[in-house]
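Protein chains: 6
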Amino acid sequence: MSEQKQLKDYQLDENIQMFALLKQADIRVTNSGKPYIAITIADRSMEISGMKWDASDEEFKVLEVGKVVFIKAVRQSYRDKPQLKFLEIRPAHEGEPQNVADFVPSGPMKALEMEEEVNTLIFKIINPTWQRIVRFLFNQYRDQFFTYPAAKSNHHAFAGGLGYHSLSIARLAQSVAQQYEQLDESLLLAGALLHDLGKVIELSGPIATTYTIPGNLIGHIVLIDEQIVLAAQELKLDLFSEDLILLRHVILAHHGQLEYGSPVRPLVQEANVLHQLDELDANLQSFDNVLNETEPGEFSNRSWALDNRSIYRPSEN
Amino acid sequence: MSEQKQLKDYQLDENIQMFALLKQADIRVTNSGKPYIAITIADRSMEISGMKWDASDEEFKVLEVGKVVFIKAVRQSYRDKPQLKFLEIRPAHEGEPQNVADFVPSGPMKALEMEEEVNTLIFKIINPTWQRIVRFLFNQYRDQFFTYPAAKSNHHAFAGGLGYHSLSIARLAQSVAQQYEQLDESLLLAGALLHDLGKVIELSGPIATTYTIPGNLIGHIVLIDEQIVLAAQELKLDLFSEDLILLRHVILAHHGQLEYGSPVRPLVQEANVLHQLDELDANLQSFDNVLNETEPGEFSNRSWALDNRSIYRPSEN
Amino acid sequence: MSEQKQLKDYQLDENIQMFALLKQADIRVTNSGKPYIAITIADRSMEISGMKWDASDEEFKVLEVGKVVFIKAVRQSYRDKPQLKFLEIRPAHEGEPQNVADFVPSGPMKALEMEEEVNTLIFKIINPTWQRIVRFLFNQYRDQFFTYPAAKSNHHAFAGGLGYHSLSIARLAQSVAQQYEQLDESLLLAGALLHDLGKVIELSGPIATTYTIPGNLIGHIVLIDEQIVLAAQELKLDLFSEDLILLRHVILAHHGQLEYGSPVRPLVQEANVLHQLDELDANLQSFDNVLNETEPGEFSNRSWALDNRSIYRPSEN
Amino acid sequence: MSEQKQLKDYQLDENIQMFALLKQADIRVTNSGKPYIAITIADRSMEISGMKWDASDEEFKVLEVGKVVFIKAVRQSYRDKPQLKFLEIRPAHEGEPQNVADFVPSGPMKALEMEEEVNTLIFKIINPTWQRIVRFLFNQYRDQFFTYPAAKSNHHAFAGGLGYHSLSIARLAQSVAQQYEQLDESLLLAGALLHDLGKVIELSGPIATTYTIPGNLIGHIVLIDEQIVLAAQELKLDLFSEDLILLRHVILAHHGQLEYGSPVRPLVQEANVLHQLDELDANLQSFDNVLNETEPGEFSNRSWALDNRSIYRPSEN
Amino acid sequence: MSEQKQLKDYQLDENIQMFALLKQADIRVTNSGKPYIAITIADRSMEISGMKWDASDEEFKVLEVGKVVFIKAVRQSYRDKPQLKFLEIRPAHEGEPQNVADFVPSGPMKALEMEEEVNTLIFKIINPTWQRIVRFLFNQYRDQFFTYPAAKSNHHAFAGGLGYHSLSIARLAQSVAQQYEQLDESLLLAGALLHDLGKVIELSGPIATTYTIPGNLIGHIVLIDEQIVLAAQELKLDLFSEDLILLRHVILAHHGQLEYGSPVRPLVQEANVLHQLDELDANLQSFDNVLNETEPGEFSNRSWALDNRSIYRPSEN
Amino acid sequence: MSEQKQLKDYQLDENIQMFALLKQADIRVTNSGKPYIAITIADRSMEISGMKWDASDEEFKVLEVGKVVFIKAVRQSYRDKPQLKFLEIRPAHEGEPQNVADFVPSGPMKALEMEEEVNTLIFKIINPTWQRIVRFLFNQYRDQFFTYPAAKSNHHAFAGGLGYHSLSIARLAQSVAQQYEQLDESLLLAGALLHDLGKVIELSGPIATTYTIPGNLIGHIVLIDEQIVLAAQELKLDLFSEDLILLRHVILAHHGQLEYGSPVRPLVQEANVLHQLDELDANLQSFDNVLNETEPGEFSNRSWALDNRSIYRPSEN
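Protein chains in written order, with UniProt numbering: chain A, 1 to 317; chain B, 1 to 317; chain C, 1 to 317; chain D, 1 to 317; chain E, 1 to 317; chain F, 1 to 317.
Simulated from the structure, these hints should not be mistaken for laboratory data.
One or more hints might be untrue.
Same chains, same label: a pair holds when it works inside one copy or across any pair of copies.
[What the hints assert, rightly or not] As a list, the in silico BS3-like pairs of lysine-lysine whose alpha-carbon atoms are at most 30 Å apart: (1) K23 <-> K110; (2) K5 <-> K34; (3) K61 <-> K81; (4) K34 <-> K85; (5) K67 <-> K124.
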């Protein structure tokens, strides 16, 4: 599967014939009364929209969003953005590629590699209360942790992004704890691994990710705090021991400011560091995303994830 | 006890002889090397500070902050603020007034009256999930609810203020639900009764109130959310049923804005109303506090609780 | 008239034949040089736009914005929004519906009912200065008060919205004044009835409402203050009596914050309450507007009137 | 009178014997029970406070704030600020200086000079509506205009400051109107002369200036707008003619931003210019005030009127 | 050349035949697969876009953005905005108009007039350090100063706008310095002439202006500061003399606030005045631009350059 | 010298006899007319103030701020803050400790150690332009770099703080560059070493540090940018080569936001990382400072350097 030419590689006016993930399909009518289908497809490399003119209702009815389709199309351009003129579109048949996971962008590490590294990190959490909580919650949410994205869009919005982002912060935390001995490495590691775990409840899943109702009405910060409290109850830990207060604080405060959704500001140094490393890794990933779509020696489009900045990619020399 | 002349009633230069609550006492040394005690006492009417000159270490050692003392003093003035020159200060003896509660300001309702009204209100919560959660948590925290203040300082900072503030909002909620039929009265009542209940963990108690460590590091909004989740677990309710999500949302969102410490904004109409009624009642109490210290036809001092406004008390005519 | 099927009730691809209010009409030319008319019509249920292809100049010239038209059309969809393909459009003939008021959304109360309730409320304003001012201004602006909307768009943007919004606040004010005896009910009622009355000068009228030049350059807050001052002059009242100062203050301060257009912040408790009730009623109406366009169990589109929130309509069970 | 040595000229430890304005006097008691008087006096050069120890009630009772007193004192220093040790203080006798105006700071122009210049400027207002309104209001408030300060503290807080500030803006307006021909000079002149005239109602008077009740509850911007409207009524001018709308707008908008108390932003170019010239002149006066208390080559104390800046006075070379 | 009818003068449906500047040209394909060219042209009066249908690749290839073209077109309308249907487009031939400068909007003064006035102003800079720096930098950047715009879009975005804006400020500075004698006119003049000179590095040039890489990454404020420092080095002036510190400060602070890109706030009175005059002139130009596109008695479209205000153009009477 | 008991170690009422640095001394007069000296002294452990009563002018005149003094005093308390009652104070004699550096707090590394590490780091800057600039500027400012503090107060406000803070960031930069290979380590290292070097011009020196005039009027960000430009000129490097633009950008943008004094926001990923590491190290140092003055299990006083937070020091168990 992986040797298929990617959407990104097609040039203007080139003919395309490939499998892709169907992300959206709507039937509409032209002014002259003829039906057409507005379609969005995607593969690992990009997402692209276009029309299938002179479409029939039958063609449309067999299409199912979130499934693999076979398409024939021509790569065109509309208002300086790439689009497709679809000539044919149909569901993938038996024996043809059907695995949705092959058509979604994935992060730089495989789930298995991440899992091994996480296991090693959990060992390094010396404090038994924090280690037990982390183990308990990873037993419960391991699968989602390694497959969910870290966000619906923006930084780490790829399958496995949640695990990868958490690991990256844990690695940074180790470097920082080594340089600044006053920091409690165990608390940083437990915080790094758990801080975004509420996203497995906040988000709908790895593909076609949306916010769930609890995600919108409660938010991932409080959702994981609740899970920690329930875990502590289950493990018969004292809910108001300093250890448990500290762990909850570090996670509740990780957005750094009330206006970014943390109900408390970081009042413990590890909480402050965790917030800063979260921002550092998220920013680096956002820069990376944007620079990948920018030519050397050029400024990017304005990026919402980077506070509307138009950033610069130095020329390669 | 109640017939004792109150601190507020003494005039400049008048001699005072009374029992009061000792709020602070420190021994210090004048430039000429003589020890003196810096003292703050209070009764229901006010708090006042002053010095006991020519004090001995023995006099100081028997004083215990948070207990009732007997004092003789003269009411003086310093930089336009009332102060006392203490002539004598000693712990209350056996047989003399010793009940601290008699010296702290109290709200307009007695605990028992409030409790009856709360019981009636709980009956009006028709939704069984919300009623069970409210009952469960009131069984757990009833005593504190009717004796704690609603804040360390500012609005409703008197013993029983928490219960009184919650009841006031519940009464407003009933009027509003009657006028706007689209509102769910049960959700408003459950929200009104629970929204500030986390303060029984956030604050240290009814007298000499301070913030606890969980109060500072987690905050009353998340503290009560955690208790709701644990109650639901205990009552074997589905944590992700819409009823439970709505109740948690209404409470998490009651500060109205992220920058005021709510991790989510009100996204359900009852959440929005609860926030507005909370603000309305808190503001009315703050105005009342400030106007009580302002003469008719005068502007008050600037009030922190009222965004630094200097408010006006109309003349009585 | 009222039994006509409403625009909102037509399904995709359904044929429409009805009377409606013409809100906009422009003649344009296609790329191939053929003229067409871009049209917006409305009835009580909604507003909708679309094209009349192959239009002639004659067809266009007889159309008059703000009048009733007869149309034949097909309900289509464009970029997920409903639109019409017009087949015929012409002015309503004699004997056909011509009353514009039948095609604009109206509030939940009739003008006459509102007027009766207002009269009762004016009686409850005990203070004679305030009562005389209110009577004077209602004599002057009664008709507009019961027919104007409370805003060009957003909350209470329907004919009669101004009166309905003011009445709703007056009702809330009575509940609140009953619960908090320190409040002056007369001042709240006078404030509730007058606070938005400047909108009868700020806005152009009940239909196709726009801002007038004084509306934009002076604003409704100062416009009604000026009318109060002129009324007081006419009634030979002392402009700088406390009563008149208080009434003007309550109204000038009703937006609550300088940045929302009040030239002073609320410095009197009734001014603060009036501001909060204004916000409460406006928010409830905005929630209602948005929830009416949202399915149970779904989140709404982001609403400008609700600070860009996407709100939740609980499922009905 | 003017040859009297000024307060500012006395050195540390120097004996003072002079007439001054009594700004505050309170009788208090020392720890050892002896009465003393806390006193603030002022002359044109500065304000200074201090104590009269061993004071009698008789000494105190004859003192009247706002009158001229005779004092004997020693110039001392307390926490790096100058203060006085009073040896004697008594009301000025008959035949001694009694004219309060001789002891308050005054601006760079005399009332008469200002009045002449204002008269000339009124002639330059060509538009008859604006000219009539300006004449009418100057007939009513002429005396106050030339004697009131422009603020309680801050820029132009000297007797006559209101007139001087208004004139300075009118002069700037003439230069600007000459350079930018698209501007209506008449509107700028009328705006310059009237924009702060509401301060004659907002402030209590030229000496010991405080805010009045209408000043606090309505504010000078709306107070002058009301006077314009009443004047127009008296002059039988059409309240909603463009000329009157423009004049009111220019004045209502002169604080430039809603958060600075203007109920509307400047939407007409003359309104924008008037706001900017107001700020320019106020800033220049604030810089001047601060630099006068700063040595060449030094930075000033932080100035509230200059957004807390510590400004630099270049060295003289 | 100047007698050619301008783009702005053509009516709907009128045929156009003229020379213009080509600002953009892209070849695209219609749904039916036919190539067309999307074109933007401009002359001094306006910029306008449109399509050339049925275009050939040959037609497209000879077009060069930034050169003069000959066109035949019809003036149409699309979504209430003017557009062109191009019938012919080709490069201007030899002997036909080719001078790009004839097709770009220009300011109210010619370069030569501006240069003369600048020379006179430089003479008025009495301080030798400032005069030498100004002379040095004008020798280096004279040509660009009189041909560059003052911005990519917004105020003074016409060829020569940089010089014209700087001169306008210098004129205002002279008026202000005359009225307020405490100001150093030389410093104001040097500041007025140099403050935006960094734009000759920040912007790409007088036509089709974009931001350069140093423009984006360093910004015109620091770019000119660097040039001043290099000039001082070259002229062997003491970099840390007060004169040079003041000049740099005045220029660094001219945006007035940190959030507008000044690395320091104005701490010297001339810096404050320069900032205010810069804003005054820029605002006046922005008002002028917007009012030129607004009918008398109407409100303009919202203007980004005027903080999103919709401003009013009074009716002419 | 180092074995001397430190100021911090003295208890209430304990007698002190020691050498210390004189930070301030003023002669004043009591109400009863007797002169006294207000004194502030410091050693490495803390700063403390107090009075020498019954002082003579002779005693005062020999004292010189910034020199070592010998004192006898008693440790007292005033408003809960430690203070001294001085019994004797005189300049240190010959043969007694006179080295000011022994009495100022110092960082965790010696200048020599830091210098070695910096030399190693410069080697790791592979890009020749950046290496040459760094070398050039370190040759010029080496001594100051290793002895100046990083701030007048707040984080790293100790002698050598500038070098130590820069090194800490450089170390963090190396860890981060290792984990994120897309980053240019050379640019990060050059940025880390140079970003605050302007402080050697902004601040007055290692002891009794104040802001210089260029420090206040230009600021350290632009001051070092100017030095880079002058160095580039001297080294005959192209000022507008991408390398030089990038280096200047990284340094100009290191405060991250315009409102924090950067004239440009970080538009290059290394600029963003440098800003975040600067904040991380400064925050860690501020936490460290505050926690050192806080008992385990307690909350600190509010810290200006930490956005007014009162932070928590976990109990040691």
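Hints violated by the structure (numbers, ascending) = 5
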